[in-house]
Amino acid sequence: MRIVFKTDYMQDIRPWKDRYQLVLYLLLLTLMLAAPFVIDAFYLGELNNVLIWAIAGMGLMVLTGHTGQASLGHAAFLAMGCYTNIILMEQGLPFMLAFPLAGIITGLVGMVIAIPALRLHGIYLAIATMAMSILVDDIIVLTEPWTGGVGGKYAPSVNVFGIMIDRWGTPREFYYLTLGVVVVVTLGYINILRAPLGRSFIAVRDSEVSAQAIGIDVARTKAISFGISCAITGLGGALMGLFAGAFNNETFSVIISIELLMMIVIGGLGSIHGAFFGAIVIGFLPQFLSLSKEWVGSVFGGSNVAIPGLEFGVFGMILIAFILFEPMGLYGRWLKVRTFFELFPFYRKDMFKRQKSYLKTERLR
Amino acid sequence: MDILQLLISGLANGCVYGLIALGFVLIYKATEAVNFAQGDFMMLGAFFTIGLTNTEYMGLPFWMALPISIGIMAFLGYLLDRFVIRLMFGESQTAVVILTIALGFVIRFVAGLIWGHEPQSLQNPLAGKELHFGGLVLGLEDVAVIIVTILLTWGLYEFFNRTKMGLAMQGASQNQLAAYYMGIPVKRVQGFIWALAGAVACVAGILFAAKGAVDPNTGLMGIKAFAAAVIGGFGSLPGALAGGLIVGIIEPFASRYIAAGYSQIAPYALLLAVLIFRPHGLFSQVRVKKV
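Top to bottom, those sequences are chains A and B. Numbering-wise (our numbering), the first sequence opens with residue 1 and increments by one. Numbering-wise (our numbering), the second sequence opens with residue 1 and increments by one.
Misleading hints may appear alongside valid ones.
[Unchecked claim] Label-pair distances were calculated between CB atoms; the ranges are: (1) B/Tyr-180 to A/Ile-13: 22 to 30 angstroms; (2) A/Leu-289 to B/Leu-79: 42 to 50 angstroms; (3) B/Asn-175 to A/Gly-245: 48 to 56 angstroms; (4) B/Leu-220 to A/Lys-293: 24 to 32 angstroms; (5) B/His-117 to A/Ala-321: 23 to 31 angstroms; (6) B/Asn-175 to A/Thr-7: 25 to 33 angstroms; (7) A/Ile-214 to B/Glu-118: 30 to 38 angstroms; (8) B/Glu-130 to A/Gly-152: 42 to 50 angstroms; (9) A/Gly-122 to B/Lys-164: 29 to 37 angstroms.
None of these hints come from the bench; they were simulated from the model. Glycine is no exception: its CB is placed at the ideal position from the N, C-alpha and C atoms.
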């Protein structure tokens, strides 16, 4: 049983709770740094994929997890980041400039889109963003001279401080590039959360009316949240494009939007950890399924028939189970397990009981 | 004549959208939840009917299969509410949305396992028959779709406004706690509405499968029906039908008169425009929210 004894206000504000926690995260970082020397190229690629999804997930987490605005259209911003990055590079900008610019441009566009979207609440916002995601799919086809349309585009190798990085040629360097972006984004995210901005995000999420009452400009907060969210998602999209090597309008379909939202729900809404847990699930699920199919095939002697839609079916079932039984996602489960051990004999079943409320319409007064 | 022909086919399509949208609105009206799996319900209903009537499956007579499959879907809707949605009692709207999206994935997967991924169409007595009005050619299925949809919308509208149960549903959605105090069995009311939505989805599925072919991914059409429901304004039954008709009519006209590539955007562009300028739909019920 561990007790954090607070003696200083800074302890509430600084990113880590105590030394022990800091050491744990540094240890994790060292492990991640050492990973390319331990695992083979295939799994390194998978790990890389997970990290990229985690970036995109963090992008959506800012908006959905911390500001409470559900978006079913973030694939649109993935696409925007990806295409902006590549197009800027084709114009002759170096990667080190094009990549952050892709994030910034996507963020600005997101902010502009947020202004009309701010009038919408809950489910209507989700629908509007979903429509936008569908539209972007078509817009990519229509703006063929820039985007390559259905034929798509190929990602070039990128130059980072004189080192040429390519997904297939130098997977190890590419992994370090992704890891670097992940670390920067995560640190930035943590810092936003402990700044007034992040706290106002959470206030808006928990109650718009009360947030307004304590002097938060709700519309402005939501717009900034949208902007930051889109910027991070754009960075994720840029990396996703580089990682995929080739992409077209279908790469960022509305299904990806839905998948992204489901990913952070499985991981746990409202926590940075959740984005990573969700990315791990979504990254390794196909692998896990094909392995378990082989296993079933070898035990029962069945042939390895491909079952179309299996992945989405299983994904849907996992998601339903989580929403029904663990709405706080994997991270919520982890918190419970950890609390159980930290408070060892004193953990009680109802410690994390959620408050339920009766429904009252928003339609009629 | 050309325009009239387009209009009729648009109307028939729009009616199917309208029927799915009707399912959305029913559930929204009574439980304030949004069922994203409504399109997949429709697909499932269509497949149940196909499984019962088509000669390569069970080969029952069409008119016998109809009530059976509608009954099955209503029962499924009830089961879904009883064992899944009811656990979500008191959770946020968004959670229910995500749950139903996931449910849609599962339904698509299961339907694919059972009936395969080939498009199939329903063998029905109306197939291939045509009505001629002057130069106008009307498929009998199209006429049936339009008539059934109008009757159903009218019936449901009356049901919500006249019957005790309909009023109980409105009450339950407006204020659950107050509804409990008034002696409304809120849970039973919700079970009933999900069953009703299942039945409506099945009717939509039957009409759709009679007009064209269904495959497990047909359920994704629900997104378009969703646009219809939003354009009409959630919570208004005639609005849902109107929204469905608008979407249905826009589609053939857009593909006729607007350059290819731009035409399939039209419904979504309209949806976005409606959301921006009239955020709660054309037939809105929303007033300003107070604390």
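Structure-based check of each hint:
1. B/Tyr-180 to A/Ile-13: 22 to 30 angstroms: violated, 45 angstroms
2. A/Leu-289 to B/Leu-79: 42 to 50 angstroms: The hint (42 to 50 angstroms, Cβ to Cβ) is violated, given that A/Leu-289 and B/Leu-79 are roughly 27 angstroms apart.
3. B/Asn-175 to A/Gly-245: 48 to 56 angstroms: holds, 55 angstroms
4. B/Leu-220 to A/Lys-293: 24 to 32 angstroms: holds, 25 angstroms
5. B/His-117 to A/Ala-321: 23 to 31 angstroms: Since the Cβ atoms of B/His-117 and A/Ala-321 sit about 26 angstroms apart, the hinted range of 23 to 31 angstroms holds.
6. B/Asn-175 to A/Thr-7: 25 to 33 angstroms: violated, 49 angstroms
7. A/Ile-214 to B/Glu-118: 30 to 38 angstroms: With a Cβ separation near 59 angstroms, A/Ile-214 and B/Glu-118 fall outside 30 to 38 angstroms, so the hint is violated.
8. B/Glu-130 to A/Gly-152: 42 to 50 angstroms: holds, 44 angstroms
9. A/Gly-122 to B/Lys-164: 29 to 37 angstroms: About 30 angstroms separates the Cβ atoms of A/Gly-122 and B/Lys-164, which means 29 to 37 angstroms holds.
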